[in-house]
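Trainee: If you want the building blocks of each chain, they are given just below.
4 protein chains.
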Amino acid sequence: MIVTVKSQCSQREFDKLISWIKSLGLDTHLSQGANQTVIGLIGDTSKVDMELLQSLEMVEAVTRIQEPFKNANRKFHPQDSIIDVSGVKFGGKHFPIIAGPCSVESEAQVIAIAEAVKASGATLLRGGAFKPRTSPYAFQGMGVKGLDILRKAREITGLPIVTEIMSEKFIDDFQDVDLVQIGARNMQNFDLLKAVGRLGKPVLLKRGLANTIQEWLMSAEYIMSEGNDNIILCERGIRTFEPYTRNTLDLSAIPILKEKTHLPVIVDPSHASGLSRLVKPMSLASVGAGADGLIIEVHNNPAKALCDGAQSLRPEQFDDVVKAIDVMLPLVNKER
Amino acid sequence: MIVTVKSQCSQREFDKLISWIKSLGLDTHLSQGANQTVIGLIGDTSKVDMELLQSLEMVEAVTRIQEPFKNANRKFHPQDSIIDVSGVKFGGKHFPIIAGPCSVESEAQVIAIAEAVKASGATLLRGGAFKPRTSPYAFQGMGVKGLDILRKAREITGLPIVTEIMSEKFIDDFQDVDLVQIGARNMQNFDLLKAVGRLGKPVLLKRGLANTIQEWLMSAEYIMSEGNDNIILCERGIRTFEPYTRNTLDLSAIPILKEKTHLPVIVDPSHASGLSRLVKPMSLASVGAGADGLIIEVHNNPAKALCDGAQSLRPEQFDDVVKAIDVMLPLVNKER
Amino acid sequence: MIVTVKSQCSQREFDKLISWIKSLGLDTHLSQGANQTVIGLIGDTSKVDMELLQSLEMVEAVTRIQEPFKNANRKFHPQDSIIDVSGVKFGGKHFPIIAGPCSVESEAQVIAIAEAVKASGATLLRGGAFKPRTSPYAFQGMGVKGLDILRKAREITGLPIVTEIMSEKFIDDFQDVDLVQIGARNMQNFDLLKAVGRLGKPVLLKRGLANTIQEWLMSAEYIMSEGNDNIILCERGIRTFEPYTRNTLDLSAIPILKEKTHLPVIVDPSHASGLSRLVKPMSLASVGAGADGLIIEVHNNPAKALCDGAQSLRPEQFDDVVKAIDVMLPLVNKER
Amino acid sequence: MIVTVKSQCSQREFDKLISWIKSLGLDTHLSQGANQTVIGLIGDTSKVDMELLQSLEMVEAVTRIQEPFKNANRKFHPQDSIIDVSGVKFGGKHFPIIAGPCSVESEAQVIAIAEAVKASGATLLRGGAFKPRTSPYAFQGMGVKGLDILRKAREITGLPIVTEIMSEKFIDDFQDVDLVQIGARNMQNFDLLKAVGRLGKPVLLKRGLANTIQEWLMSAEYIMSEGNDNIILCERGIRTFEPYTRNTLDLSAIPILKEKTHLPVIVDPSHASGLSRLVKPMSLASVGAGADGLIIEVHNNPAKALCDGAQSLRPEQFDDVVKAIDVMLPLVNKER
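Here the protein sequences line up with chains D, G, Z and W, keeping their order. Read in order, the letters of the first sequence are residues -18 to 317 in this note's numbering. Read in order, the letters of the second sequence are residues -18 to 317 in this note's numbering. Read in order, the letters of the third sequence are residues -18 to 317 in this note's numbering. Read in order, the letters of the fourth sequence are residues -18 to 317 in this note's numbering.
Any given hint might turn out to be false.
Only some residues are given here: those of chain G computed to face chain D with a beta carbon under 10 Å [said to hold, decoys possible]: (1) 44; (2) 46; (3) 50; (4) 54; (5) 115; (6) 123; (7) 155; (8) 159; (9) 167; (10) 178; (11) 181; (12) 196; (13) 211.
Calculated directly from the structure, the hints in this document are not laboratory data. Ideal placement from N, C-alpha and C gives every residue a C-beta, glycine not left out.
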């Protein structure tokens, strides 16, 4: 960490700053320029409160050189982490596809979709039992009953299940969920992060709507600091000014994450745009960018043809997307 | 709600859409144009899933006319709500100032600051016992012990206390907190919103970093839908591309909120910029924009002069800000 | 266009609004609801000032149904436009690659790079003669002398040339430039757009840093309204809050543009991130998303090894990127 | 400027970097840490290409300590600049108000408004002769004929005139315009900036829709580098994700600019929100934030009552805003 001190800073203030830095167990290295003095902080600066430093009157600028995430940092763990989710591997050469409905609505619906997506090549089943909804008047999901339906579908198809936890109070109900999802809105719900850290199950950590890559890795760090290293990151779009898509999928985040962290990164192309017709091109784009997998919404409701064309694909469309991905995987040294 | 249907839509698809709308208990009004048909939905559309409609292939555009928030809507409650927080009133002509330290660090610190800010005119005491921190390695606050210190300070000074709740599991510890704060990162932690709704205490609901005004009002609606109408909104800056300030304080949100809702709106000028020297101009700007109050960080630590100049004001600087506000309040028909 | 009128609107005001709409040559269709009246505007609404309508006190909301761009609109031109740039085709099945240095620095440099990129498969040569720089103290490009160097390189290699115009006053110097680039900062320099419209040469129109897709198409419309339909759009990243990349490449814009317009869309993966190591993954991602081509920075300066690793690729790295793209093109029905 | 070099950097690469830095006329100061080496660049770094440095493979991070703007920098010009626009002063204790119609439509219209706003206390007249419009099909302004009307209004009322220049080719027509406006879309039209720099008339430089404060000051620097120091900055809202307002007025920019530059800063409260009912609160907020003046749209068209309620105020509403501002000015040590 580098602190640039203003030229007007008095010697007394400067000495206090140096003492305070040393009281944190750090060494300092001074560099005197014409208009400012630069202090290099030597040692483990991950616990230094950068914002506090930045807000001091005598300080012109603070630059963090050492990244604030440690367990998630590729520098200290150069190999890709391989995360095993009940036998399905994420990371390295692996490219698993998670598929299933947005919401769990009934046993028949979930089992039908699970069987269809399995036939097309999906190796995990997703489905929302608890649904984060902007409006309190919208359907909030089936809750624990939805979890039972997912377990039933797992029993029948053998697919491990992925579902979102929204509150610590249901943590016991997630003991046998294969991959526990933290949604975008809860990416900085720090108590929930700690709770899933302690739970010890693999975690699918979605990026917050307006969170930087560094903040995202710090949220992974929260889970890891509780002893749980089984984290899969999921890019799902960020909030921008563009109205034609619900969110802007940030695919550049993938190669950046590949440098910064050893954790696998998958993409959710269904939620980012909110448009099912973008799922195929954005899935192929994700493969090109170096993603480690995909999570895709698939719906199947022949009785309710209204939903044709919603943000979910129909099973036959999903099948087409998987086939295209399969042709592309060898080009990026991946396999399913 | 208005749904514009594409010209290519078949009669069969169109009829299904109409039946589905009617199955929600709504009436429809059709308007046939040259290139598209427009369907007006008549009735209570607050429960219609707008995103589902938008994602249908036959649909060109969906416009919500009726706002999705009801309890928070000024249309159905034209008078300003006056929220009483243990005798201190927010809304209407009132302009209370909340002040105190960022974090509760010790009894002596909190009591000293509480007495100082009370002397300057603050009528509520703020202080963080549970601290949301980006890094798991940073100080997470004193927790329930911090709440005890705040209670002690209340006992001595008579100031009602304001402090942040981060997790439902501590809800019982907040039974006698006068004003329960929901922080920006938890603005869409829907289970926590419902929990404070059931708690029944007045709630200070901060705007999320990247949330629209409408989403913010929908979060208020979550609390209100549990029967708790005592909500004070707090603008604290949104995330933009500008790096000179930590966040961009969105003061235009104040007159917009005054139109949309009857709930009071206060401003946090300390957190938005992260710079204590912006607190005074942005406090006066908030008064000009029509805010109903302010929440200001004040620090007092003569032993640790390092913190002079941090994002918190010193008590004498706070005193200066309050004096300037007091001169300005009559111009906007407010009083303290 | 649909105008929702507030319930408080007087009959007199309402009648005036209707007369004004009719004075624009439009018909109206009224739909009376419980709380509001909805006016459908029938006819060519592309000239209606939507913002004026939106700002009227009596108006609750305005929704544009008909898109404001006409010449660029795929609705009225369902086939892909094929743009011919001195024999190199953009659009449809074609996938040309433009390559060359960021700035023209010398004849030797440009010719060496031109020959190298041609050998790897580039079919157009790029190079900046006029450089838009944030600082007036930075190198502003060689200007017209740089154009001469590009012409020389074209003569030797046969590659058509692509270079940026920054001011109308140099329009005559661009008479024989094969593809005239409008940079991101000038995307809404309307006089320059009209000037290149009149010039009649093919135009490479980059997306502005913070412009929506619709605004971008309206800028294409400016050029087309002067009778020049030879426009190639270029996505180059938008401004967001993420600091790890200089801009956020918005690849979802590609499938969206493919729906909205018949114009070809290429991607600039070099400028978006500012990191040369992202060029390969983001090039493959662009192919996956459906792009019609790429524009890539290539540098070659063995004497100045400092520049190794800059945002430009070295020729051998470029060669590797082209080889990877070539393997991928058949999957998306494209060819070079 | 501080350059942090990666630990893997070879001695040979490192030596080349040092030589290159010295070739720019700068000295270096090295600071060796455990995992990285930090190079301090000593001397005038305003011409160093920071992005080039940042993109080098061996470089971990680059921090600019010295701000890249010089003429606009308050460090080298501690007193407020007072800009004299044909006798009306901006900066210091002055608080002029510019008012007038959005577009010049007719002589009668402009003169009537000019007289009305003068009576209310405006000291400059604004009016658009050349109008930047998103659509080529929208009214583009009266052009040079509009300038004649403004001159006529100046002759009659004595008010200096403010109007926007959109293209260098009209520069001669702006020779006698008192205050030449550069609009938001042209903030980085560098050739136009240089042209108004050479013109020598006072310039009103609006902030670009998505430009940082630093980029804005660099655009001022372009004008100043041509010898023209008479610049007034104008905040007019930035692009964010919030849809209720057209743009988000960034009032925190005002106190930040007051620190960074000696140039005066005014606010345009009409364009930021696009809502006339926000003009009064945002005008008062601007005064509180420390603005040096305002530019307000005023319309007067009794024959066309449609425009009542548009983003422009009517003269009587403007009068009310000015009266409120006048009461507030003494609180911030300003006067009209």
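Trainee: Take the hints in turn and mark each one as holding or not.
Mentor: Here is how each hint holds up against the structure:
1. 44: Since the shortest Cβ distance to chain D is 13 Å, the answer is violated.
2. 46: 16 Å, violated
3. 50: Holds. Min distance 8 Å.
4. 54: Status violated, d = 13 Å.
5. 115: Hint holds; residue 115 of chain G Cβ to chain D Cβ min 5 Å, cut 10 Å.
6. 123: Violated - the Cβ of residue 123 of chain G stays beyond 10 Å from chain D, reaching only about 16 Å at its closest.
7. 155: 14 Å, violated
8. 159: Violated, about 23 Å.
9. 167: Holds. Min distance 6 Å.
10. 178: 9 Å, holds
11. 181: 16 Å, violated
12. 196: Hint on residue 196 of chain G: holds, closest Cβ of chain D at ~6 Å, below 10 Å.
13. 211: 17 Å, violated
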